[in-house]
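Visitor: So you can see what is in the structure, the chains are spelled out below.
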Amino acid sequence: MAVGKEILTKIRSVQNTQKITRAMQMVSTSKMRKTQERMRAARPYAEKVRTVMAHLAQANADLGHPLLARRDVVKRAGIILVSSDKGLCGGLNVNSFKRFYAKVKELQDQNVEVDVCCLGQKALAATQRARLNVVASAVQLGDIPKMDKLIGPLTVLFKQYAEGELDAVYIVYSGFINTMKQEPTIEQLLPLTPHHMVVEHSHSWDYLYEPDAPSLMEFLVKRYLESVVYQALAENMASEQAARMVAMKAATDNAGNTIKQLRLVYNKARQAAITTELSEIVAGAAAV
Amino acid sequence: MSKMHVEVVSTEQLIYSGEAEFLVAPALEGEIGVYPRHVPLLTRIKPGVLRMTVPGSKEEVLVAVSGGMLEVQPTHITVLADTAIRGEDLDEARANEAKRAAEESLQHATDDLSTAKAHAALAVAIAQLKALDYLKKRVH
Numbered sequence: 001m002a003v004g005k006e007i008l009t010k011i012r013s014v015q016n017t018q019k020i021t022r023a024m025q026m027v028s029t030s031k032m033r034k035t036q037e038r039m040r041a042a043r044p045y046a047e048k049v050r051t052v053m054a055h056l057a058q059a060n061a062d063l064g065h066p067l068l069a070r071r072d073v074v075k076r077a078g079i080i081l082v083s084s085d086k087g088l089c090g091g092l093n094v095n096s097f098k099r100f101y102a103k104v105k106e107l108q109d110q111n112v113e114v115d116v117c118c119l120g121q122k123a124l125a126a127t128q129r130a131r132l133n134v135v136a137s138a139v140q141l142g143d144i145p146k147m148d149k150l151i152g153p154l155t156v157l158f159k160q161y162a163e164g165e166l167d168a169v170y171i172v173y174s175g176f177i178n179t180m181k182q183e184p185t186i187e188q189l190l191p192l193t194p195h196h197m198v199v200e201h202s203h204s205w206d207y208l209y210e211p212d213a214p215s216l217m218e219f220l221v222k223r224y225l226e227s228v229v230y231q232a233l234a235e236n237m238a239s240e241q242a243a244r245m246v247a248m249k250a251a252t253d254n255a256g257n258t259i260k261q262l263r264l265v266y267n268k269a270r271q272a273a274i275t276t277e278l279s280e281i282v283a284g285a286a287a288v
Numbered sequence: 001m002s003k004m005h006v007e008v009v010s011t012e013q014l015i016y017s018g019e020a021e022f023l024v025a026p027a028l029e030g031e032i033g034v035y036p037r038h039v040p041l042l043t044r045i046k047p048g049v050l051r052m053t054v055p056g057s058k059e060e061v062l063v064a065v066s067g068g069m070l071e072v073q074p075t076h077i078t079v080l081a082d083t084a085i086r087g088e089d090l091d092e093a094r095a096n097e098a099k100r101a102a103e104e105s106l107q108h109a110t111d112d113l114s115t116a117k118a119h120a121a122l123a124v125a126i127a128q129l130k131a132l133d134y135l136k137k138r139v140h
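Here the protein sequences line up with chains C and W, keeping their order.
Counting along the first sequence from 1, when you hit position 159 you're at 159 in the UniProt record's numbering, and nothing is skipped either side.
Counting along the second sequence from 1, when you hit position 123 you're at 123 in the UniProt record's numbering, and nothing is skipped either side.
Please note that a few of the clues may not be correct.
Have a look at the derived ranges for each label pair, beta carbon to beta carbon [to be verified]: (1) C:148 - W:137: 16 to 22 Å; (2) C:69 - W:134: 26 to 32 Å; (3) W:2 - C:33: 37 to 43 Å; (4) C:146 - W:124: 15 to 21 Å; (5) C:187 - W:124: 28 to 34 Å; (6) W:29 - C:75: 37 to 43 Å; (7) C:129 - W:74: 52 to 58 Å; (8) W:37 - C:43: 24 to 30 Å; (9) C:178 - W:30: 44 to 50 Å; (10) C:143 - W:126: 27 to 33 Å.
Quick list of in silico lysine-lysine cross-link-like pairs, DSSO-like style, CA-CA up to 30 Å [unchecked claim]: (11) C:34 - C:48; (12) W:99 - C:105; (13) C:181 - C:31; (14) C:105 - C:222; (15) C:222 - W:136; (16) W:130 - C:149; (17) C:146 - W:130; (18) C:159 - C:103.
Here are a few chain W residues that face chain C, going by a calculated C-beta distance under 7 Å [unchecked claim]: (19) 40; (20) 41; (21) 43; (22) 95; (23) 98; (24) 102; (25) 105.
FYI, nobody ran anything at the bench for these hints, they're computed from the structure.
The C-beta atom is built at its ideal place from N, Cα and C for all residues, glycine as well.
Whenever a hint applies, use it, and build me the whole structure from the sequences.
Guide: Structure representation (C-alpha cells):
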C-alpha cells in the first residue's frame, strides 16, 4: 500500500538530521570540558604578570613606555573582534557582533575612525560585509587557543598604538559565565586603565633589574596584553562549545518532536486508508 | 637546608610547580644560579633549560623553556615562560602574516586574486627567510 510514502521519506530525512545534530552535541560536550580547563589554565599566568607589572610600575612611576601612554583625544580606535571559526552555535557570534556594531557606531558618532582586528572566520566575514577597515586577522584557530597565532595580529595593533596611529584598543568576545549562559563582553585593552595596576602589598622594596627596568616593562606590558587576549580567546572557545552543545540539543529535541508529529500524521493516513478500503468491501458485499 | 618554591607558568598552562634548593636559569646576560633568600631580581631569560636541585632527590629536575621572564623573591621563584619562540624580527614576520591574511581576504572580492596570492606567497617566503636568519644569529 502506497499510503503516505512522502511522509515516510520526510521522517527518514528528519531522522538523518537528528543523527547529525546528536553527534555534534556529543562532540561539543566533550570538547567543552577541555576548553573550560584551558580557560582556567590560562589564569595563573595572567595574574602573575599583572602583579609583577604592577609592582614594576609602582617602583618606577616614571617609565615612559609608549604602550602606557594615555591620549586625551581619541581619533582612531582599534577593536579586536573574537568569534568562532564555525557556525551552528546558536546566537553566540550574532550577540558578540551586535555588541561590536554598537561600539563601532558609538565611536563613529564621536568621529572616531575604527580599525578592526579579526580573530576567527566569522568575525572576518562579518566585518568585511560591513565594509570596515580590517588591519589584521587570524583565522582557523582550531579547538585549542594557540599563542603563536595571536602574536602577529596583536603586534600589528600594539605597534600602531605605540606609534600613535591608534588611541585606544578594545576587545569584544563572548564571556563564559556557565554552560547555559554566555555574555558578549567588551573590554578596554589600551590605554591600560588604573585597575590593571593595583598592587596588594605596598611596602617599598625593589627588584634588581637585568638588563634594565624599561626593557623589562616593555616585555611585561606586551605579555600582559597578550595574556588578556589569550584569555578572551580561550573564554570565547569555551562559550562556543557550550553554545553549540545547547543549540544542538535543542535541534535534536526539535527533530524528535517533528518525527513524532509526522508519525501521527502517517498513522492517521494509514488508518483512514484501511477504513476506506474496508467500507468499500463491505458496501460491495452488501450490494451483491 | 632552606628551600624555595618554584613555579613555571605559561599562558597556556602551569608547566612546573614544586620545591627546590637551587636553580640555574639561562638569563639574557648569562646563566644565573639562585639559592633561597636571594635578593629580589627580575630578568629576561633566553630559550634554554632550567635546572633545579630538588630536596630528597639526587637527580636534577630539568624544565625546557622557550624564553620568558624570571622573577626571584627570597622564598619563591616564578618563571613566566613563553609558549612560542619570540624575537623582534619573528614577531614582525608574524605581524606581516596577520596583515597579509586580512588584506588577502579583501582581495578575494576583486579580480587581482592571483597577483595578490603571488605577492603574499613572496611576502611569506621573505618573512620565513628573515626568521631563519634571526634564529641562526641567535644560535651562534
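Visitor: State for each hint whether it applies.
Guide: Comparing the hints with the structure gives:
1. One distance hint, 16 to 22 Å for the beta-carbon pair residue 148 (chain C) and residue 137 (chain W), holds here, with the actual separation near 21 Å.
2. One distance hint, 26 to 32 Å for the beta-carbon pair residue 69 (chain C) and residue 134 (chain W), holds here, with the actual separation near 28 Å.
3. Between residue 2 (chain W) and residue 33 (chain C) the C-beta distance comes to about 40 Å, which sits within the given range of 37 to 43 Å.
4. The given range of 15 to 21 Å is respected by residue 146 (chain C) and residue 124 (chain W), whose C-beta atoms sit roughly 18 Å from each other.
5. The given range of 28 to 34 Å is respected by residue 187 (chain C) and residue 124 (chain W), whose C-beta atoms sit roughly 32 Å from each other.
6. Checking the proposed 37 to 43 Å range against residue 29 (chain W) and residue 75 (chain C) shows it holds: the Cβ atoms sit about 41 Å from each other.
7. For residue 129 (chain C) and residue 74 (chain W), the Cβ-Cβ distance of about 57 Å falls inside the hinted range of 52 to 58 Å, so the restraint holds.
8. Checked against the hint of 24 to 30 Å, the C-beta distance between residue 37 (chain W) and residue 43 (chain C) comes to roughly 29 Å, which is consistent with it.
9. Checked against the hint of 44 to 50 Å, the pair residue 178 (chain C) and residue 30 (chain W) passes, with Cβ atoms roughly 49 Å apart.
10. Restraint check, residue 143 (chain C) to residue 126 (chain W): a C-beta distance of roughly 31 Å satisfies the suggested window 27 to 33 Å.
11. A C-alpha spacing of about 23 Å is found between residue 34 (chain C) and residue 48 (chain C), which places the hinted pair at or below 30 Å, so the restraint holds.
12. The suggested pairing of residue 99 (chain W) with residue 105 (chain C) holds, with an alpha-carbon distance near 24 Å, which does not exceed 30 Å.
13. Taken as a hint, the residue 181 (chain C) and residue 31 (chain C) pair is honoured in the structure, with Cα atoms around 17 Å apart against an allowance of 30 Å.
14. In summary, the hint linking residue 105 (chain C) to residue 222 (chain C) is supported, as the alpha carbons are separated by about 29 Å, within the 30 Å threshold.
15. Between the alpha carbons of residue 222 (chain C) and residue 136 (chain W) the distance comes to roughly 25 Å, so the proposed pair stays at or under 30 Å and holds.
16. Of the pairs offered as hints, the one joining residue 130 (chain W) and residue 149 (chain C) holds, with about 18 Å between alpha carbons and a cut-off of 30 Å not exceeded.
17. At roughly 22 Å between alpha-carbon atoms, residue 146 (chain C) and residue 130 (chain W) fall within 30 Å of each other, so this suggested pair holds.
18. In summary, the hint linking residue 159 (chain C) to residue 103 (chain C) is supported, as the alpha carbons are separated by about 22 Å, within the 30 Å threshold.
19. A least Cβ separation of about 5 Å between residue 40 (chain W) and chain C falls short of the 7 Å threshold, and the interface hint therefore holds.
20. Because the closest C-beta pair between residue 41 (chain W) and chain C is about 4 Å apart, less than 7 Å, the hint holds.
21. For residue 43 (chain W), the interface hint holds, since its Cβ comes within 7 Å of a Cβ in chain C; the closest pair sits about 4 Å apart.
22. Here the hint on residue 95 (chain W) is kept, as its CB sits about 4 Å from the closest CB of chain C, short of 7 Å.
23. The restraint placing residue 98 (chain W) at the interface with chain C holds, with a minimum CB-CB distance near 3 Å, inside the 7 Å limit.
24. The criterion of a C-beta within 7 Å of any C-beta in chain C is met by residue 102 (chain W), whose closest approach is roughly 4 Å, and the hint holds.
25. Interface hint at residue 105 (chain W): satisfied, since its Cβ lies 6 Å from the closest Cβ of chain C, which is below the 7 Å cut-off.
Comparing the model with each numbered hint stated earlier shows that all of them hold.
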